[in-house]
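The listed protein sequences correspond, in order, to chains L, Z, H and A.
Heads up, the first sequence is in our numbering, so the first residue is 1 and it goes up one at a time.
Heads up, the second sequence is in our numbering, so the first residue is 1001 and it goes up one at a time.
Heads up, the third sequence is in our numbering, so the first residue is 2001 and it goes up one at a time.
Heads up, the fourth sequence is in our numbering, so the first residue is 3001 and it goes up one at a time.
Everything labelled a hint here was simulated from the structure, so no lab data went into it.
In this text, a Cβ means the ideal position worked out from N, Cα and C, and glycines have one as well.
No incorrect hints appear here.
Straight-line distance between alpha carbons at most 20 Å, and here's what the computed SDA-like set of lysine to any residue pairs gives:
| # | chain 1 | residue 1 | chain 2 | residue 2 |
| --- | --- | --- | --- | --- |
| 1 | H | K2093 | A | L3066 |
| 2 | H | K2060 | A | D3080 |
| 3 | L | K93 | Z | L1006 |
| 4 | H | K2060 | A | A3088 |
| 5 | Z | K1093 | L | T5 |
| 6 | H | K2093 | A | H3023 |
| 7 | Z | K1093 | Z | A1103 |
| 8 | L | K93 | Z | E1042 |
| 9 | A | K3093 | H | E2042 |
| 10 | H | K2093 | H | D2080 |
| 11 | Z | K1093 | L | E62 |
| 12 | Z | K1093 | L | A14 |
| 13 | H | K2060 | A | R3091 |
| 14 | A | K3060 | A | L3046 |
| 15 | H | K2093 | A | A3063 |
| 16 | L | K60 | H | F2022 |
| 17 | A | K3093 | H | T2005 |
| 18 | A | K3060 | H | A2088 |
| 19 | L | K93 | Z | D1008 |
| 20 | L | K93 | Z | R1017 |
| 21 | L | K60 | Z | R1091 |
| 22 | A | K3093 | H | E2062 |
| 23 | L | K93 | Z | H1023 |
| 24 | Z | K1093 | L | P58 |
| 25 | Z | K1093 | L | A59 |
| 26 | A | K3093 | H | A2061 |
| 27 | L | K93 | Z | T1005 |
| 28 | H | K2060 | A | D3085 |
| 29 | H | K2060 | H | E2038 |
| 30 | A | K3093 | H | S2002 |
| 31 | Z | K1093 | Z | D1080 |
Stretch by stretch, here's where chain A covers chain Z in the computed footprint (C-beta under 8 Å, at least three residues):
| # | stretch |
| --- | --- |
| 32 | 1028–1039 |
| 33 | 1042–1052 |
There are 4 protein chains.
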Amino acid sequence: MSIATLQDLLADFADRRDWGRFHTPKNLAMALAGEAGELAAEFQWLDPEQSARVMDDPAKAEAVRLEMADVLSYLLRLADVLDVDLEAAVREKTAVNEARFPAGR
Amino acid sequence: MSIATLQDLLADFADRRDWGRFHTPKNLAMALAGEAGELAAEFQWLDPEQSARVMDDPAKAEAVRLEMADVLSYLLRLADVLDVDLEAAVREKTAVNEARFPAGR
Amino acid sequence: MSIATLQDLLADFADRRDWGRFHTPKNLAMALAGEAGELAAEFQWLDPEQSARVMDDPAKAEAVRLEMADVLSYLLRLADVLDVDLEAAVREKTAVNEARFPAGR
Amino acid sequence: MSIATLQDLLADFADRRDWGRFHTPKNLAMALAGEAGELAAEFQWLDPEQSARVMDDPAKAEAVRLEMADVLSYLLRLADVLDVDLEAAVREKTAVNEARFPAGR
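With the hints as constraints, model all of the structure from the sequences given.
So this is what it looks like as structure tokens:
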């Protein structure tokens, strides 16, 4: 599924609830920061090895998956209201990073 | 482009730089929170109306786009190392939200 | 009460629970970001006027107070383990800001 | 120096710049999340041992100190505009945690 399709699905979900007035760019950026903080909290006391095995515990795995879904959902809503092409933005940033961090051989 | 394709592109980018040892789930979740914080900072002093016009200023628009690209990139890397299907996770969370917030008519 | 006294109180609280091994600077910075995200989430859908009246609702007020306490607690723990004098740091940063943003008259 | 004194110093700094209109609770909570994200970013690629030695590098140490000052400054501004007694809030949260996490012997 393309990013655009997922974005449309979420835009439709918000529209049917009349959430447009809440979904200002500022509010969405704030909601995204909140969800990213909650996702980080899932990992805060884990050492690197424990963090690599975080999905072994089904309850924890589900919590992580749903926090990740929340982060992506707000990011896609923000892209929608700002008319940002996320795929193009990632490609552009990757090109910048190609120059900053040349791959070794 | 599908989410999976973008994810593979970023995984390849990291592999060619031998960044796997840095890209533990914990580190990626932390980097994601950092980028989400930077994205939020772009909006912190704006009132709702100003935030809706944030893309009118080309320099600000580019900053916002690249911060959004960073957020998505770390989220996709995290999905990759945790083997999370982000599209399925968003669909699952949307189903949960359908029940919690029934659409009016 | 001084910042130092509060810091000692929290250090003692952590010591008596043998939490020193969890309270690495990295973990504390991550926990701080998580709590800051949760605090932000209390305000995410409020417009500026609603945010100014957030303490009128006792339940919301208590949630905000406790999130603020969590943010301060992790910041004070981080200052303790890094041996940072927070008061001196704020004074130094304020001096920098005096120069960057001269007060009008 | 007491928290209240530092809070007054920052309130005065903001007043002399007429920043009151920007310092809504929502904006301050968002700025706090942004600074917490930047502070987290200082630690994102460090392993636990490296994070414990972060202050050995003078440039990094100064960056961390100033990020911590920013976090505290926005938290104190937020406490000021919401009329929250941070010390009392930390004591209250600590009492809650005493009950949740009884110290061993």
